[in-house]
Amino acid sequence: MMRLAPQAGERIDRARPLTFAFDGRRVEGFAGDTIVSALYASGRRVLSRSFKYHRPRGELCGCGQCANSLFTVDGRPGVRGCGEPAREGMVVEHQNAWPSLERDVMRIADRVGGALLPVGFYYKTFIRPRRLWPVYEKVLRHAAGLGRLPKRQAEREWRTEYRRRHCDLLVVGGGLAGLTAAIEAAERGADVVLCDEDAEPGGWALVDGRHDEARALAARARELGVEVLTRAPALGWFDGLVPVWQGDTLHQVRAPRHVLATGALQQPLVFPGNDLPGVMLSSGARRLAALYAVAPGRRAVVATVDDAGLQDALALRLAGIEVVAIADLRPDAGGGGPAAYVEAAGIPLLRGATIVRASGRDRVQHVTLAPVGPDGRATGAAEDFACDLLAVSGGLQPSLSLLLQAGGRAAYDPQSACFAVAEVPAGMAVAGALAGEGAGAPVATPPACATDGRRGGKAFVDLDEDVTVKDVEHAVAEGYDSLELSKRYTTVTMGPSQGRFSQIPSARVVARATGLDLETVGLTTARPPWTTVPLGALAGRPLEAAKRSPLDARHRDLGATGRWAGDWRRAYDYGDPEGEALAVQSDAGVIDVSTLGKLLVRGPDAGELLDRLYPNRMSTLKPGRIRYGVMTSEAGRIVDDGTVCRLDDETFYVTTTTGGATAVEQTIGWWQATWNLDARVTDLTQGVAAMNLAGPRAREILSGLTDLDCSNEALGYLNARHATIAGVPALILRIGFVGEVGYELHCPAAQAGPLWDALVAAGARPFGLEPQRVLRLQKLHVIVGQDTDSETTPVNAGLGALVKLDKEQDFVGRWALEHAAEQAPDAVLVGFTTPGGELPTEGAVVLHEGVAAGQVTSARRSPKLERTIGLAWVPAELAQEDAALSISDAGRTIAATVTTRPFYDPDGEVLRS
Amino acid sequence: MSVLDFLTPATGPDAPVAESPLAPALAAAGATFAVRDGWRVAVDFGAPAAEADAARASVVWADVSHLRKLELQGAFDHDLGTAVRRDDGWLLPLTPARALAIGETMPAAPAGADAVDVTTQYAALTVAGPAARETLARFCALDLRPAVAPPAALRPGSIARTPGIVVVEARDRFLLLVGAAVALHVWEVVADAGTHLGGRPAGLEALASTEEVAAHA
Chain A
1 MMRLAPQAGE RIDRARPLTF AFDGRRVEGF AGDTIVSALY ASGRRVLSRS FKYHRPRGEL
61 CGCGQCANSL FTVDGRPGVR GCGEPAREGM VVEHQNAWPS LERDVMRIAD RVGGALLPVG
121 FYYKTFIRPR RLWPVYEKVL RHAAGLGRLP KRQAEREWRT EYRRRHCDLL VVGGGLAGLT
181 AAIEAAERGA DVVLCDEDAE PGGWALVDGR HDEARALAAR ARELGVEVLT RAPALGWFDG
241 LVPVWQGDTL HQVRAPRHVL ATGALQQPLV FPGNDLPGVM LSSGARRLAA LYAVAPGRRA
301 VVATVDDAGL QDALALRLAG IEVVAIADLR PDAGGGGPAA YVEAAGIPLL RGATIVRASG
361 RDRVQHVTLA PVGPDGRATG AAEDFACDLL AVSGGLQPSL SLLLQAGGRA AYDPQSACFA
421 VAEVPAGMAV AGALAGEGAG APVATPPACA TDGRRGGKAF VDLDEDVTVK DVEHAVAEGY
481 DSLELSKRYT TVTMGPSQGR FSQIPSARVV ARATGLDLET VGLTTARPPW TTVPLGALAG
541 RPLEAAKRSP LDARHRDLGA TGRWAGDWRR AYDYGDPEGE ALAVQSDAGV IDVSTLGKLL
601 VRGPDAGELL DRLYPNRMST LKPGRIRYGV MTSEAGRIVD DGTVCRLDDE TFYVTTTTGG
661 ATAVEQTIGW WQATWNLDAR VTDLTQGVAA MNLAGPRARE ILSGLTDLDC SNEALGYLNA
721 RHATIAGVPA LILRIGFVGE VGYELHCPAA QAGPLWDALV AAGARPFGLE PQRVLRLQKL
781 HVIVGQDTDS ETTPVNAGLG ALVKLDKEQD FVGRWALEHA AEQAPDAVLV GFTTPGGELP
841 TEGAVVLHEG VAAGQVTSAR RSPKLERTIG LAWVPAELAQ EDAALSISDA GRTIAATVTT
901 RPFYDPDGEV LRS
Chain B
1 MSVLDFLTPA TGPDAPVAES PLAPALAAAG ATFAVRDGWR VAVDFGAPAA EADAARASVV
61 WADVSHLRKL ELQGAFDHDL GTAVRRDDGW LLPLTPARAL AIGETMPAAP AGADAVDVTT
121 QYAALTVAGP AARETLARFC ALDLRPAVAP PAALRPGSIA RTPGIVVVEA RDRFLLLVGA
181 AVALHVWEVV ADAGTHLGGR PAGLEALAST EEVAAHA
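Protein chains in written order, with my numbering: chain A, 1 to 913; chain B, 1 to 217.
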């Protein structure tokens, strides 16, 4: 048992014991413990197996930043045990070892892996013979990865929340500096949010004896209304938006001003055996003792380059841990107070020396200390010490990531042997250790790798990725001689701790190998997220934004198959698309077309406006008349189509394609800003429902529901009338997309349901998008976006008659269409049938003299005509009635015949009847 | 018959009752309906007392899509960003040339303004209660802090990833206007967020017990 006597400022509550399971074994702890502190208190030291070599690993940082203690907790993989609170009954399991942490068969990778798994091994080994790659891949994929997701989808999902939070000031980091900044701002009336990664704010002050001060400041901040978010790391910087991940909530914090007090992280030292369990950061060891009353060892050796390591050693000694020796790389051990205290305490202090080797079987048992030269090689007599804890301090590196993401700059400071803040963006301030406060005492620059010169022993630069010093040196030798290149080749800094403890060490190795200084080597680009975050947190709530017609519930009640049409959900069919199409042609059908765009254009210049927007004339429409129109771009390409109905002298009702309304409204608005005509546009798309009643009995059904004279004489093709239908006010447009006598009924969305019900009750059979497509195809009616693309003009789509080049007004696309009209089109849209009955895939290629020359845009089987029909782009020379086509479709060749006239009712007699 | 009559639900003995685009969701949530001024409205969800309690203690959301809405185009000399309280409704200046007038009864169009009935173009929800702002924060990035958006603040913007308008009717009462076609989606989002925070849907009866809409000239 490694639990110490009560420590002043300890976080655990000894009055609330708890137990949890680790790999099936019972572990005791207290409320306030982390998983790691409880495991360490129980005596466990091996917490995980490393990624590549499956070497045993113990705790490194003690503060939730390293990846040495990743566990699966209650089924969730990748939980950092040194930051995760222990809870009663939790089930904790190791990752990346089989069958157990103690006996992992993959340990063989460490024994033989050096030759088989060199840096970049996946480019060199396991690629020959090629035929075995699928086997290699399967094995490697099975061996790689950390943790397993639960098999059942339900266990892989849990609720995550998005929360938007605006404030006047966001303070990132809740140490003394961050708390002070938050309090000062709140006292001046600012709305402040403070976020901190730890379980409570206070930062290092909680560990170094100033816990009362820290907790008092935190209480004061809360009293002043500061929103304090704990266990809440800031994930990154996105143009002033800082997402903060807390539990299951992603706070999206927006503030005009920021204070970054993100502190500094103590760095490890690099030497053979530096990954043994029991080798940890001196701050981590001190933290375990101070906050959790856990002795990380009984007999400690400390190796340091700064006063922080000396202070940590003294604190460990005070907590009851024997410190058998301290190696301080500085020749004068800093020359300050801490060194004097060390000597006064009788702890052997080796000046100018450092750790050159750690050894032991599955945990540290011996260390060797020696003076070293600039190249890291031992230069003098080495001394061995038996110990079970090696606490190291490689200096402090300010946590720059968020600052750099926000556009700040850092520069290497040889005095403090770290990259320090050089430039802070506007609207931001830095405070505390990030800003270099508290620095000043001398710091020695650790060597890239210290060694006693003996063979054997791996010296790791990156514990997450199992990248050694040799790996980085080999990468540089192979030509990956910058930090960014060596990173991508070796994967150094790409592990779960994202370079917190490996970036600086790897930079030193690259500097040594290339002969460049650290300022030149620099840092890799800082990127979010700062810490691991579930994908679900970023995805937000799984609620789909769909537009739905006011008749949507009725379609679902009728068993309609729903499909997306743009951002609308539409009824594709009601279970019998062929039957629905036949019903329209033999009886009557009704389809919900509420998704069509609908715009009201009003004003004295409304007609003029439409004449300028469309190639055809709209101002000549009489009230109650309808005209089909295509809208073109300035390049003369079709961008939308629909109908224009004149309601009165100054009022036009314009329909567009589903999904086209917003773009058309914007286009009109843009041109209006230029022309400034006296006309106004109102979007009615979502407020007006529309349904198309069509078929031989359509007139009879409509007549039964309204007093309006629906005879062909009174309400002929391309005419509009107002009427009350089944008690609902409606605008009736006599148009015919599906080729039968048809009435498009537009009414208030709030009364669409009763109107639909009345039509269906009167015998109109609901039909969906799929039968509608068949019916319109029989008439060779074009669907913009389906049968046209960004290069299609009205001329080559067979709609040239709509283009009135003799209009007086200039109109959008006129110049381009004049040019298009002067030249014969190269390709033309035509209808086709397949005598053999084959149904080509939409998008299949049309061949001409063996070369791809066009494509099929639409193809269906017509139940009425009992043959396959379609539309296709073909070379102009083939656009003749009965011309032969050859269609290549997924390896087969289909013979087709051109049709230039509609398959059904080619002269429109039925349509106009 | 006016050429724009087809935009306005008919009233009268032969006319069917007008329904909110949220009718299916209201029914699914257990609404009790009544007909008021030709519209079928949800008066409660089976627990009017509990709804009133939730309105006071956490958050409620109510469908008020029956509110009449008029789009006005012309010249408006109003502060953009501030709604103007008018009788039983609001005038919402959206641009210098476009405004929306809302009310329990059809608002009157100011002289010189072109008016179009867009009642059915928008769905409307009222979200009210001490947790209303927190609820909105779950799906709306508009800054609705009291100091920044006091009563009568008008904020067009994204609501649940769709274009919408927020009117701060009172300190803890918000009127949301969204396109009628996305009403079901927005209701689902509001319910998802509000339920998680301890709230519930409410009918018009409970809404009356929330804080009064601020009176602004």
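Read the hints as simulated data drawn from the structure, not as lab findings. A quick note: this is a predicted structure, and the numbers were derived from the prediction, not measured. Even for Gly, the Cβ is constructed at its ideal location relative to N, Cα and C. There's no promise every hint is true.
Unchecked claim - So, partial list: chain B residues that the calculated Cβ filter (under 10 Å) puts toward chain A:
hint, residue
1, R36
2, D37
3, Y122
Claimed, not checked - Among chain B residues calculated to face chain A with C-beta under 10 Å, some are:
hint, residue
4, V3
5, A18
6, P24
7, K69
8, D87
9, E104
10, C140
11, L142
12, L144
13, P156
14, A160
15, A183
16, H185
17, E188
Structure-based check of each hint:
Because the beta carbon of B/R36 sits about 13 Å from the nearest beta carbon in chain A, more than 10 Å, this interface hint is broken. Contact between B/D37 and chain A, as hinted, is not supported at the beta carbon level, the nearest pair being about 12 Å apart and thus beyond 10 Å. Interface restraint check for B/Y122: the shortest CB-CB distance to chain A comes to about 7 Å, inside 10 Å, so the restraint holds. The interface hint given for B/V3 is met, as the beta carbon of that residue sits about 4 Å from the closest beta carbon of chain A, less than 10 Å.
With 10 Å as the threshold, the beta carbon of B/A18 comes within range of chain A, its nearest partner Cβ sitting at about 4 Å, so the hint holds. About 4 Å separates the beta-carbon of B/P24 from the nearest beta-carbon of chain A, less than 10 Å, and the hint is met. Here the hint on B/K69 is kept, as its CB sits about 9 Å from the closest CB of chain A, short of 10 Å. Because the smallest distance between the Cβ of B/D87 and any Cβ of chain A comes to about 22 Å, over 10 Å, the interface hint for this residue is violated.
Annotation: interface hint on B/E104 violated; nearest CB of chain A at approximately 16 Å, more than 10 Å. For B/C140, the suggested interface contact is upheld, since its CB lies about 7 Å from the closest CB of chain A, less than 10 Å. Taking 10 Å as the C-beta cut-off, the interface hint given for B/L142 holds, the closest approach to chain A being about 8 Å. With a least beta-carbon distance of about 8 Å to chain A, the hint placing B/L144 at the interface is held under the 10 Å criterion.
For B/P156, the interface hint is violated, the least distance from its beta-carbon to any beta-carbon of chain A being 14 Å, above 10 Å. Nearest Cβ of chain A to the Cβ of B/A160: about 7 Å, under the 10 Å cut. The hint holds. Hint on B/A183 holds. Least Cβ distance to chain A is approximately 8 Å, under the 10 Å limit. Hint status for B/H185 relative to chain A: holds, with the closest Cβ pair at about 5 Å, below 10 Å.
Annotation: interface hint on B/E188 holds; nearest CB of chain A at approximately 6 Å, less than 10 Å.
When each numbered hint is compared with the structure, violations occur for hints 1, 2, 8, 9, 13.
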